[in-house]
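Q: Residue numbers (numbering that gives the first Met the number 0), protein chains in the order written: chain A, 0 to 524; chain B, 0 to 167; chain C, 0 to 340.
No wet-lab data here; the hints were simulated from the structure.
In this text the structure is predicted, and so the values were computed from the model without any measurement.
Misleading hints may appear alongside valid ones.
Stated by the list, open to error - Per label pair, the in silico range of CB-to-CB distance:
(1) Arg78(B) - Arg222(C): 29 to 39 angstroms
(2) Lys119(C) - Arg78(B): 20 to 30 angstroms
(3) Asp47(C) - Gly153(B): 57 to 67 angstroms
(4) Asp47(C) - Thr109(B): 50 to 60 angstroms
(5) Gln114(B) - Arg222(C): 41 to 51 angstroms
(6) Arg78(B) - Leu227(C): 29 to 39 angstroms
Even for Gly, the Cβ is constructed at its ideal location relative to N, Cα and C.
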Amino acid sequence: MQFTSWAFLLFLAVLLPVYYLVPKRMQWIVLLLFDALFVCAAGTLGAVFMLVTIGTVYGAARWIDALFFRQRSRIAAMKQTHTKEERKRERLRFEAKRRRVLIGCLVVNVGILFALKYGAAIGRLSATLFHTRAFGSELMLTMGISFYTFSTVGYLIDVYRETIPAEKNPFRLALFVSFFPLLVQGPICRFLDLKNDLFTPHAFSDERFLKGSLRIAWGYWKKLIVADRLLVAVKALCARPDVYRGGVVLLEMLLYAACLYADFTGGIDITIGIGEWLGIGIPENFRRPYFSKGIAEYWRRWHITLGEWFRTYVYYPLSVSKPMRALSTKLRRLGTGVSRRVPVYLATMLVWALTGAWHGSNPTFLVWGLLNGAVILLSEECKPLYARFHRRFPRLTKSAFYRGFTVIRTVLLLSSLRLLDCYSTVGDAFSAFGSMFTTWNWNLVLFGGIQSLGLKWTDYLVAGAGVLLMFAVSMLQRKGPVRERILRRGPVIGVCAILLLVGTVLVFGRYGFGFDAGQFIYNRF
Amino acid sequence: MKRTVIVLVLAVLLLMLGCAASDAVFVDPNAVQGGGYGELYFEANGARFGIFDEAEPVLSALPAPRSTFTGETCAFDSRDEYYRFGGFELMTNEIDGVARITAITLADDTMKTPQGLYIGMPEQDAGEAFPALAENDWQLTDGTALLSVVIQNGAIASIVYTPSNIED
Amino acid sequence: MKRTVRTIIGITLALAVFFGALYALTRLVAPKYAETAVEGRLVREYYDEQTPHDVLLLGDCEVFSNFSPVTLYREYGVTSCIRGSAQQLVWQSYYLLEDTLKTETPKVVVYNVLALKYAKPQSEAYNRMTLDGMRWGKAKIGAIQASMTDGEDFLSYVFPLLRFHDRWTELTKEDFRYWFKNAGPVSYKGYLMRTEVRPATETPIPKPLEDPHLPETSMAWLRKMAKLCEQNGIELVLIKSPSIEPYWYPEWDADVRAFADAHGLRYENMIENNAAGIDMQTDTCDMGQHLNVTGAEKLSRWFGKELQDAYGLKDHRGEAAFDADYGALTARYEAEKQEGN
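Next comes chain A alone, as it looks inside the complex (with noise of 0.2 angstroms):
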């Protein structure tokens, strides 16, 4: 079920009533079974990989609680009759067998997941290599097993670390890793941060009521009236990159950027408001990313929950991993800044490589994660240069100017990365990027190109102005959340707010028959 559909939109609405209605211990319980139909609307064959996903960390998770336990008891067993010696042994010998079930489940989920994303990729090339038919194109990537495996792959990381017990009731972690709204589009949740607004019981609240609206219909405007918009044209450069060439890939660029905003935030903004409805607050995952001034700042502010995953899961562990600490060691010799760099630039390369993988199974994805891991570093290494610059020119890099000019170069980097997320091969990316400065058609851009991108001049006024209003609000926060402000001059304000957002949506917003089968009037072209 996607966001934009009918049927989401009945699923919400028969949701809510009963969720409120039912006896509070119970929410959670409806919350569950809608959860379930939810999945299960998706597809079976995603419904058997979460079952999986379910049962297998549920047990690993209780295991290793319960090989805590026992190493526990019998360490202090072991305190009168046992050396020290013996108790280390004793206590790493429950640890390797901790290790071993988490692996062992880890496994178990991220094949599942690698098998999904990769199988189809795999097959291919097999294929093309052994001249054998591809297997494992019938193998659709199930809805969000991106994003749940991730966060129950987190919990059970949470339990092995002993930041939290393990979960008893195998329905309550069922109802973590099932929970319908971060499905589609994330974030990646711990169950550290869920566990206690998904069980505990909600009275309904006319505030928090408006207050989720207010942010789903903001959600779906951004999504129906910007993002599903300006994908056309995107869809369409991207498609061609033997045509679309020179000055129209900075426009695609640009375009792509405004529409993948629009589409992401406005997926989470809905996913927020409807956590708001149910009582359950969900991570923010965006805060004002273009607004950035260097792109290791905008990954902090852009997918948070990403981000978060991958230094808490993959980044901080391998660092002081010991082979990590061995290579530091034996690398000592070579100097201090060469034996402390090295293990960093290993374990970010890595983590952006694994990135770039989870984003797609398209090669292209993981040259972008590496060339995003390469400029963060290059970045970090020239950081005493950047700060003499500052200290030889404090008017210019304090002025607004510069910070406005640090803000677009950001933004233009990332656009630049981002074209390997548009084309299909990598020289693809690279050739578009270069003809940018060979191939000069300014004129053919402006008169005449943009027409013939699949939208109408009308379109691009009202992406334009939706571009513009999304910039306004992001302003806006600057100074406090937006929502907090227009909700306090009252309710009225509030639902009017939310009219006329609903209105504006469904006016022009890119929906219906009209938009996926082309125009009203009859013609056989």
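Since the structure of chain A is provided, determine the placement of chains B and C on it from the hints.
A: Quick look at chains B and C alone, frame taken from chain A:
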């Protein structure tokens, strides 16, 4: 400043890669254009034409049609114009303001396709004259045009060229 | 307390303005069919009818262009109405019959068989022209469900704004002129008058049929229609109107004839049997695809006699209600005819 340098270095690097690309002129790939057909063209009175060719030059190269017919679409302002010549018929439609050929239909055995196909030709002879067509169940496309031949009672009953994406 | 009341009033007011605006917008962006594509008004004009009808004609443009209820009344006192629409599919004709039966039971239903060649929904635009004009009820719901093409959804028939919202970019003066004003009638009991003369020449070469038979799906709907008529004591007459293009294949004709014979129905192929004396040099407005008013009157004169003779339809001339209704209609009819000539 440092980051600016990085961006510039990256830009130059990527630029060098980009230079290898050709300087293709930006054209609308969705626009319908004539001459896109391969071997699926038709020839009559020394004029060669095919699907999506501009109608006007083709009509002026051919002798005056024996008759014309305007097929109207109920309620909507869309017309099929038919031009009947000795042995074949052309249909044209206005696409983006330009009248273009959208169907060529053979009327009788007085006209042959460039491959020598004609109405009434025995199936076996037709298969030998145009093996690719016969192997493809008597429907062949070159991306722009679709040549459909109907075989009835062991001989060709109809030969029609239409745009390849239109099923009629 | 006072604050709560104020809030409730405020929200109610906001909702009222919102729904009022949506209603106004819906009216603005929905196609008016008042000056362009007027065929889209045909189905809804039926509900303005003042007097009942003995004959109901169903089908596509081959009925609404080719038969004149005014002539049928003037010549024979036969009361009739056409519920035709552009590319009306056979299941749409079926549901229009069901819809009509809610208010009246005609004695004879005439169905033009050309649309039997379509087994599947064809075009969303034509669907809209037939379905949007229907009055809400079981018949309309059935018709929508049977007619939707890929990508259409039922909800957009309930709330047309969901379908036409993007038309704000292509609004014309017509949309503003008939925003809140209903357009006057465009038809004469479903007959759309054409006065031009454009003689027929050679028609396009017909393509050979891949399947020589009419699709079973449409024949099943025709069976349903025959059954519904039988249940209501209505005589069903099948016709193929004299239009010579689109081509009516002999194979199809044989199918319909076999159906008519099997069900004891009358089937009249008016291309084959030109007893009406239609002359495609003078009686057509578009080279044989539709008849002009001269042709429609000629055809109606012959067909009215046939109907009256076969089914003993009552001559309603002289009855005050009918005379008043047809009197006003005839005046408008003659004026348009004069204007056209």
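Q: With reference to the structure, classify each hint as holding or not holding.
A: Evaluation of the provided hints:
| no. | hint | result |
| --- | --- | --- |
| 1 | Arg78(B) - Arg222(C): 29 to 39 angstroms | holds (36 angstroms) |
| 2 | Lys119(C) - Arg78(B): 20 to 30 angstroms | holds (24 angstroms) |
| 3 | Asp47(C) - Gly153(B): 57 to 67 angstroms | holds (58 angstroms) |
| 4 | Asp47(C) - Thr109(B): 50 to 60 angstroms | holds (55 angstroms) |
| 5 | Gln114(B) - Arg222(C): 41 to 51 angstroms | holds (46 angstroms) |
| 6 | Arg78(B) - Leu227(C): 29 to 39 angstroms | holds (37 angstroms) |
Violated hints: none; the structure is consistent with every hint.
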